[in-house]
Amino acid sequence: MTVICSTVLAKEPDDFREQMERIATFAERIQIDLTDGLFAGPKSIDIDKVWWPHGVKADLHLMYHRPDLFMDKIIKLRPHMVIVHSEAEGDLIKMAQKLQSQDIKFGLALLKDTEPETIKPILDNIDHVLIFSGNLGHFGGHTDFSLLKKVKRLKNWKPELEIGWDGGITDKNAQKLIDGGIDVLNVGGFIQNNSSPENAYATLKTIVGTDMKQKLTIEELELKANAIREDIIKMLEAAGSGHSAGPLGLADIFTALYFDVMKYDPKRPDWNDRDILLLSNGHCVPVQYATMAHAGYFDRKELMTLRKFGSRLQGHPEREKLPGLENTSGPLGCGLSQAAGMALAMRMNKDHHRWIYVVMGDGEQDEGNVWEAAMLAAKYKLNNIIAITDRNNIQIDGPTETVMPLEDLKAKWEAFGWHVIEIDGNNIDAVIDACAMGRAIVEKPVMIIAHTIPGKGVDFMEYDFHWHGSPPNHEQAVKALHEIRTLQGKIRSEHE
Amino acid sequence: MNSVVHLIPDTLANDIISEPIRKGFGRGLLAAGKLDENVVAACADLVESTQISLFANEFPERFVEIGVAEQNLVTVGSGLAAMGKIPFVSSYAAFSPGRNWEQIRTTICLNNRPVKIVGSHAGISVGPDGATHQMLEDIALMRSLPNMVVIAPGDSVESEKATLAMAKDKRPNYLRLAREASPVFTTKDTPFEIGRAYVFEPGNDVTIIATGVMTYHALVAAQKIFKDGIDVEVIHCPTIKPLDTETILKSVRKTGAVVTCEEAQINGGLGGAVAELLGEEYPVPLKRIGIKDHFGESGNAAELMEHFGLTATHIALAAHEIIEKKGAKHG
Chain E
1 MTVICSTVLA
11 KEPDDFREQM
21 ERIATFAERI
31 QIDLTDGLFA
41 GPKSIDIDKV
51 WWPHGVKADL
61 HLMYHRPDLF
71 MDKIIKLRPH
81 MVIVHSEAEG
91 DLIKMAQKLQ
101 SQDIKFGLAL
111 LKDTEPETIK
121 PILDNIDHVL
131 IFSGNLGHFG
141 GHTDFSLLKK
151 VKRLKNWKPE
161 LEIGWDGGIT
171 DKNAQKLIDG
181 GIDVLNVGGF
191 IQNNSSPENA
201 YATLKTIVGT
211 DMKQKLTIEE
221 LELKANAIRE
231 DIIKMLEAAG
241 SGHSAGPLGL
251 ADIFTALYFD
261 VMKYDPKRPD
271 WNDRDILLLS
281 NGHCVPVQYA
291 TMAHAGYFDR
301 KELMTLRKFG
311 SRLQGHPERE
321 KLPGLENTSG
331 PLGCGLSQAA
341 GMALAMRMNK
351 DHHRWIYVVM
361 GDGEQDEGNV
371 WEAAMLAAKY
381 KLNNIIAITD
391 RNNIQIDGPT
401 ETVMPLEDLK
411 AKWEAFGWHV
421 IEIDGNNIDA
431 VIDACAMGRA
441 IVEKPVMIIA
451 HTIPGKGVDF
461 MEYDFHWHGS
471 PPNHEQAVKA
481 LHEIRTLQGK
491 IRSEHE
Chain X
497 MNSVVHLIPD
507 TLANDIISEP
517 IRKGFGRGLL
527 AAGKLDENVV
537 AACADLVEST
547 QISLFANEFP
557 ERFVEIGVAE
567 QNLVTVGSGL
577 AAMGKIPFVS
587 SYAAFSPGRN
597 WEQIRTTICL
607 NNRPVKIVGS
617 HAGISVGPDG
627 ATHQMLEDIA
637 LMRSLPNMVV
647 IAPGDSVESE
657 KATLAMAKDK
667 RPNYLRLARE
677 ASPVFTTKDT
687 PFEIGRAYVF
697 EPGNDVTIIA
707 TGVMTYHALV
717 AAQKIFKDGI
727 DVEVIHCPTI
737 KPLDTETILK
747 SVRKTGAVVT
757 CEEAQINGGL
767 GGAVAELLGE
777 EYPVPLKRIG
787 IKDHFGESGN
797 AAELMEHFGL
807 TATHIALAAH
817 EIIEKKGAKH
827 G
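These protein sequence lines are chains E and X, in that order.
Note that this note's numbering gives residue 279 to position 279 of the first sequence, counting from 1, and the numbers run on in steps of one.
Here this note's numbering = 1-based position in the second sequence + 496.
It is possible that some hints are incorrect.
In silico EDC-like links for lysine to aspartate or glutamate, alpha-carbon gap of 20 Å or less [stated by the list, open to error]:
1) E:Lys158 x X:Glu561
2) E:Lys152 x E:Asp179
3) E:Lys155 x E:Asp144
4) E:Lys379 x X:Glu561
5) X:Lys666 x E:Asp270
6) E:Lys444 x E:Glu414
Some chain X residues judged to face chain E by a derived CB distance under 10 Å, without partners named [claimed, not checked]:
7) Ala538
8) Ile562
9) Gly563
10) Gln567
11) Gly573
12) Arg601
13) Thr602
Source of the hints: derived by calculation from the structure; they are not laboratory data.
In this text, a Cβ means the ideal position worked out from N, Cα and C, and glycines have one as well.
For reference, chain X alone in the conformation it holds in the complex (with noise of 0.2 Å):
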């Protein structure tokens, strides 16, 4: 599989490079800014650490300074939009989704003007910043407006195809990024498609769909409990929506059994989508590893994601433990 989609060869190896997500983000948008005149970018006082300072460097002309102010961000980027600009709106997400959701669902969504939103440092990982900025419920948020896509790239170099495939699109996106370094472990040969999943590692045994920097821990427990003789399918899943039903409902039909990861509430996250999709189409057991209804705190990143149950070791376990359910039910 790894010869269909390209990945690094070791992806346990222990000299991993690791790179922040958001800074494929600001490669990327330079590339498209080079390539197609009509993208732009504005930034509410977050220049540096959204990554997008290497677009207002290239093209001032071509970049807004908003100053803190999420509301007018969005806006900004609705007449843009209007004017046949593709904006790149860029803050933390805590604050852009987070505080303008009704600006995103009146002069983007229902106004239908392909506006870009970027939100950073996404998830649990921001560590010490606490619950105030650690972004849980962006997923949800965006999730649930009509013309939205929802786009939780799984690396550095996948943000960066992400962002160029954005700025072709025509529809309103919303882009997931987080703040520490993650692994990368996919390569330029990896195949990205907005509102596409892929099948990362073949397994018959049980599917873990995973999103964001999850993918990477969930391919690290597929190989840990490969060795207890479990063969897990593992799908990348960094479109959430639209959700790539087909990918999905093949892997399940054929494992019968579902491990979902994000590093977000999964009320109305991946988890939710996938259960609704499973509830509907093809239930089977099914576990949500996520954040479950509670707000972060401070801390170390890998503190914070032992804390919350995010790791691979708690992936390895959910997927025993959905497997000895299906043997029950199947039993």
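The shape of chain E in the complex, shown without the other chains (with noise of 0.2 Å):
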């Protein structure tokens, strides 16, 4: 996913300050352009003067002829990330060393004229490059796209390595440097000189792509929830095999992770930034396959090739088959572990910016790994995970208080350390709300426990366990394909 980072270039701290207001209602990232009138000028505010709102992420682009003294004043700044320019003096791995070890990140800068090659021995040591075309102290420049050449050179040795360009982008020419590989448009004048900023802004925002699209209205979500259903029953009945009733009951979470809750980007399954889900009950896959074919992933004609031979979608989930899926599962009572050693990683790695989700059953919590996995969560304070258990009270042989009883469910998550959220799983408003709450609770790892219909949306499906691991036959499915179609009706009426 392409990010938009809003940039301030100001030589007084009161212009500082308008441009840093007119910005800081909707810029998520921001870079902060500096010079010190030799590397570039004319001079901008001192490193002193520099601020930003609360809760943005800045990064500092420094036009310095010696960056390396101020590295102890930009510590205590904490931005994001820090920029110099490869022309510069100064010890560059010196540099990037003492600000990586205070988990700022370190890119470096390179003007028209400087080849990639110059930087390739270091590569391993920064974490960004930015491609600058512009006027060095200026806004605008001109947008040079046979420097998209440099793009092709450094992703080829450094795949992950986070691109940034700089000058004269606006909305005529974003698409071509997103198509580049660029992955960070610094936008200065395109949005500081438009009358209306925040437009310009939205205006690249649906530039740049799927998560980054105006929010879809609750109507929206649940229709697409709707149509979730529609092509899970159409799956399951070209399958002749799988599951039903779990899919079904999921189609509103799963709506609301992807097309709410999550970031991604279906272009980019491997994106470094990108929050993970896990499907720890991998026979709900379905609704999993259907979710990301909405949502992009790939094509919806390839749904219909569920459990065939040769098909990406198999049966249960398997992650080296189909990009975009982070784990194999089937086997029950193993996301939430996977989920904790992916969180420890995190932790150790310094990156904090990601959320992982669980998406797991209630038959599954017989299972004693799960049990293991929730000691471990709260042991290490794990709180970017948000687990959901889809809690629709049936498993393959009946009702899961017959089989092996589960309550007090949400009694036994706390006492094992979690802080737990109960919803009504079938509310795709309940459902965004419940994870954003999630996120702020910062002291424990957080367990949704989603009340679902299961089979939901098909009256002949819902609530019975029956339903549970068998697909429709073809009269079923014409029946359940109708009751869905009415359903898309009733929504639209209800939102009037």
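With the hints in hand, could you dock these two chains into one complex?
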């Protein structure tokens, strides 16, 4: 996913404040350009005068001759990243190490005539490269697309490298830069000089793609979930085997996750900053496949290959077969442990900006492995795990409370040291809210017990455990699709 | 040959140094951790005895104490590996991979994550703890899994090398370690590569293929029967999967008779692997030394090795027998 980074470049503190206030209401990431009047002129405000609003990721772009002399001041400011020029004086590796040891990322900017080969030996030490196509010390500049060749070379050497562009970005050329592999668009004049900076920013956002789009309304989300249910029925009928009740019941939760809650890019499934979704009860994967297709990971036509020979859509999810899947699952009880391992690794990597969502079944919680993971996540306070239990009260042999009673489930999770939120899991709004609340809980991992109706949306499947592990035949599918289509009208009329 | 494989000058010396194989793992992991910050470790309440303590003390922020929960141990390992870590997860072999085979199968092997499973206290030589703790089926369990690499080093020096090699290997690995002190007969110059077997003693009459601590006993046996005029080739096979079929077949084509040695069930173990290879590629008389479909029992290591037929004398006898069989076949 490409990021839009709104830039600020000011000579005077008052001008700096004005620019900052202009973008503060919408910007998620900003770049503050600083010049020393020597490497680049005219001189900007001093580093002592720099500030930014709380909660915004701020990058400092230092167009300084001797950036190394300012490192201590910079560390006190706690920016997200510092970019210095590869052409500057001073030991770049030392600067990188000093900043990175403080959890601050380090980037290098390349002037137009600087070839990427000059920094190839130190690529392992840096987090970001800024392709500079602008005017040193001024907004604007000419967007020289020939510089995109540098991007290709850099990505060849280090595919995960984040690459930014600075210089002349507008709504007209943004797409071309994105297509050329740019990850961060540093936009100055197009936003700052616009009569409505917020509109300019929104325009760029729509170009940037999926999760930057305007959020869907609840009505749109409900319609999306309904369309996903239609696909689930069609897939299962075509497959002739598979689970119906769970996937239908989970459609609202998956819609909320993929179309509101999670940060990801279907075009870059291995994007380093993405949120993680682990499906622990792999048998419910039809809902994930259908949602992923709607989210743009692959064409919806492929859904009809579910469970067929040669398909990427295995009966239970297999990570290596389909980009976008984060785990291989089916045998129950493992998702939470994998999430714990991932969360521990993220902590070791000082990667604090990502969330791990785990969707798990209720019957699955008969497995001892689940409770081993529960204890570990609480012990290490793995607060970036948000687990969602699909509490539909059925499993293969019957109602969960008959097969193996789980209640008091909320008290169990609380006793294991988790923060528990209980919601109606077929209410998309409630799912979104609970996830937001979950992200705000810092001292504990979070379990959302989402009460869902198994087979939701298809009257003759709802609440009936016999549909746990069976697909509809043709006649049943026709009936189910008719019901789901009727629901579509109902959703529309409810929101009128 | 010793000049190529650089064993110690006298493998029969009375004053040969002994050290538990797991100690080498502890040193190797510490060294691997210093070389690569992505190397991390987790343990299931056996930090000292699996020797993962060296790493845990040096890198506490890269170590996870899981508690007595082996299913969680390997599955957390899968998650760590998913985020680019190279996790070494240790417990006793009886519990990991003994208890958590399915988690290893699904979340590590099928999911193809480079988790390093370290099973300590494997084999009959665990001794007094008895059958519950004498893990004999681990080789068979791990060998049956696609993507998994299975390694049983011969001594502590080799287990150090194996650990360093595992940290660089991109596949799921299983490392089998014994508890008791055993003779250190390789040196820092002895070659080790995952997937390679080595001729430690060249000969023409019979091939002895051994893994883990049994290689030392095979070398001793070879010297014993050399006095009887039998010229034994000893192959040390620290990687049981993938098997170095080239080295084994080359030797067997020359000798025409094979004895395998392991401190594990021969069903599905090294003996099983060699039998499968020879059965398909080059059938010759074969005798397998190892545990033959039994569980162990309490006793000291030497008593048990004797009782279950795992000593140099047993290997020497087997070599005699197999040569006779070969003679009968050809005669």
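Going down the list of hints, with the structure as the test:
Taken as a hint, the E:Lys158 and X:Glu561 pair is broken in the structure, with Cα atoms around 34 Å apart against an allowance of 20 Å. Taking the CA atoms of E:Lys152 and E:Asp179, the gap is about 11 Å. The hint holds against a cut of 20 Å. Among the hinted pairs, E:Lys155 with E:Asp144 is consistent with the structure: their alpha-carbon atoms are about 19 Å apart, no more than 20 Å. A distance of roughly 10 Å separates the Cα atoms of E:Lys379 and X:Glu561; the hinted pair therefore holds under the 20 Å criterion.
A threshold of 20 Å between alpha carbons decides the hint, and for X:Lys666 with E:Asp270 the separation of about 18 Å falls inside it, so the pair holds. The hinted pair formed by E:Lys444 and E:Glu414 meets the criterion: a straight-line CA distance of about 10 Å does not exceed 20 Å. A cut of 10 Å between beta carbons decides the hint on X:Ala538: the least distance to chain E is about 8 Å, and the hint holds. Interface hint status for X:Ile562: upheld, as the beta-carbon distance to the closest one in chain E is roughly 6 Å, under 10 Å.
This hint holds: X:Gly563 has a C-beta 7 Å from the nearest C-beta of chain E, less than the 10 Å allowed. Evaluation of the X:Gln567 hint against chain E yields a held restraint, the C-beta minimum of about 4 Å falling below 10 Å. The restraint placing X:Gly573 at the interface with chain E holds, with a minimum CB-CB distance near 6 Å, inside the 10 Å limit. Interface restraint check for X:Arg601: the shortest CB-CB distance to chain E comes to about 8 Å, inside 10 Å, so the restraint holds.
At a threshold of 10 Å, the smallest CB-CB gap from X:Thr602 to chain E is about 5 Å, leaving the interface hint in force.
The structure does not agree with numbered hint 1 stated previously, though it agrees with all others.
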